[in-house]
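> Each chain, letter by letter, is given below.
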Amino acid sequence: MPSDMSCEQLREASAELALGVLPGRERAEAIAHLDRCADCRQFIEPLCRVGERLIGLLPDQEPPLGFETRVVRRLTPDTTAHEGHGSARARGLGGRPVLARIGLAPAAVTLAALCGFAGWAVGTAIEDVTASAPAAPRGEPMLVGDMTSAADAGRSVGEVYAHPGRPGWIFMSVALDGAGRPYSGKVTCLLERSDGGTVRLGEFALREGQGDWGSTARVDSRGVSGARLVSPDGTVLATAHLQTGQVLTGTGQT
Amino acid sequence: MDRLPDEALLSGLATGDPDLAVTFVRRFQHRVFGVAMAVTGDPQLAEDIAQQTFERAWRHAQIYDSRRGSVATWLTTIAHNLAIDAVRARRTEPVAPEDLDALLGVVTETPERWALADEASSRLRAALARLPREQARALVMAGIYGMTAQQIADAEGIPLGTAKTRIRAAMAKLRKTLASVRRGDHAE
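Which chain is which? The protein sequence lines are A and B, in order.
Numbering of the first sequence is given in this note's numbering, commencing with residue 1 and proceeding in unit increments.
Numbering of the second sequence is given in this note's numbering, commencing with residue 255 and proceeding in unit increments.
These are computed hints drawn from the structure, not numbers from a lab.
As the structure is a prediction and not an experimental result, all values here were calculated from the model.
Glycine included, C-beta positions come from ideal geometry on N, C-alpha and C.
Be aware that a few hints might be false.
What the hints assert, rightly or not - Below, a sample of chain A positions facing chain B; criterion: calculated Cβ distance under 10 Å:
#1 E12
#2 R49
#3 P64
#4 E159
#5 H163
#6 A205
So that you can see chain A by itself, here it is in the shape it has in the complex (with noise of 0.2 Å):
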C-alpha cells in the first residue's frame, strides 16, 4: 500500500514521473496522489506532454531491406506478403482477428488517463488496465454495427465503423461470400439518416464478394442510423444499424 505523498513531493517527483524513470514505489505513490489530488493532475499533464515531444524529435531512419514484407507476413499470417500495390487478396471475416469493440468502456490507468500516451508503458500498462480499477471510461464515441446480408437476413457479412470526430471518416470490411456466386463489382456506401434519408458517400469494388473501403466523411452521431451497400442497379447487399459505443480494450481478444 503506497504511503502518502505530499502536493510538495508529487511536484518534486513530477519530471521523471512524466518521462517514465520514477522507480517503482515512488511512481505507485505518485501515482495514488493524482488519483486524488487534481491540482497536481493538472500540473503534470504538460510535462507528459514534453516527454511525449521530446521523443517526436527523433529522427525517422529507412529500415532493412524486407522489413516492410516481414512485418505484413506478421501482421496476416495466412497470406503471402508482398511489396507492391494490389497484389493481395483480402481474407474472408473467418480468418481475421474478432474485432471486440461496442462495449461499455473499462478501466484507464491514471497516469494513462493523464499523460495521453506518454502515460501508457504499452506491453505493461495495457495489461494493467483490465487488471487495474476502474478510474475512468476510456476509448471514444464511436459510431459501430455489423453489416448483415441482405439476401440471407441476420448473416453477418461485415462490419461498419463511423467516426464522428473531425475529420471524420468511415470504415467498412465485406465478405458478401456466402451462397449462391459472390458479387464483384463496383457498390455504392450509403449512410442511412434517423430521418429516413440517405446520403451517398462513395463507391469501392468488391472482388468475389470481399471487400475493404475507408473515406474521409461527415458523421453526426446523432443524426446517422445506419449504413447500407447498393449494387449499381439499386439492389441492396447489406445493411447496418449502426450504435454509439466506446470502443473496448483489446487484451486478450486475439
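We have chain A already, so just place chain B on it with the hints.
Leaving out everything else, chain B in the frame of chain A:
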C-alpha cells in the same frame, strides 16, 4: 487506400487485409524504426522492436483514442517503451558518451529539413539547444534512453539530488516553451 486517414487505416488493420497492412506499415515504418534505432543503436534489435510495435498496434488497435494524440504519436510511444524495455534488459554499461552527444546533436539540430516541422517541435529543438549541456544530457538520458535519476547520477558521477535537479530544471524550461507555443507567444 493511400489517402485513408491514419485512424481509419488503424481500424482497418484489425480486419487482416494485407493491402491495409502494407499501407499502414509503409506509412509509419520510418518513424517506428527511427525511434527504435535511436534508443537501442542496434539495427537487429531495432528491427525486432519495430516489428513488435506494429504487432502491438494491430492487436490493440481498439484502444487507440485519437483524443490523446495522433496515430504516429501512439506508435512512437509504443516503439519507445518497447525499446527502453529491451535496452533495460540488456544494458550493463551506461550509454556511451559519444552516442549521447550524437543524439543530442540530432535532436537539437535545426537544419532546413526541419523547416516544415510544426512550430512546437521547432521551438522545442531550439529550447533544448539552449539548455545547459548537463541539463540537456540528463534530459536525453531520462526521456529518450529511459535512465533513472540514479543511473544518470552514476553515469555522470554526480549526486542523486543533482541528477534529479537537472532533469527537473530541463523539463521546467521545455514546459515553459511549449506553453508559450500554445499561447501563441513569439518570444520566450
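> Does each hint fit the structure? Answer for all of them.
Hint check:
| no. | hint | verdict |
| --- | --- | --- |
| 1 | E12 | 7 Å, holds |
| 2 | R49 | 6 Å, holds |
| 3 | P64 | 6 Å, holds |
| 4 | E159 | 8 Å, holds |
| 5 | H163 | 6 Å, holds |
| 6 | A205 | 12 Å, violated |
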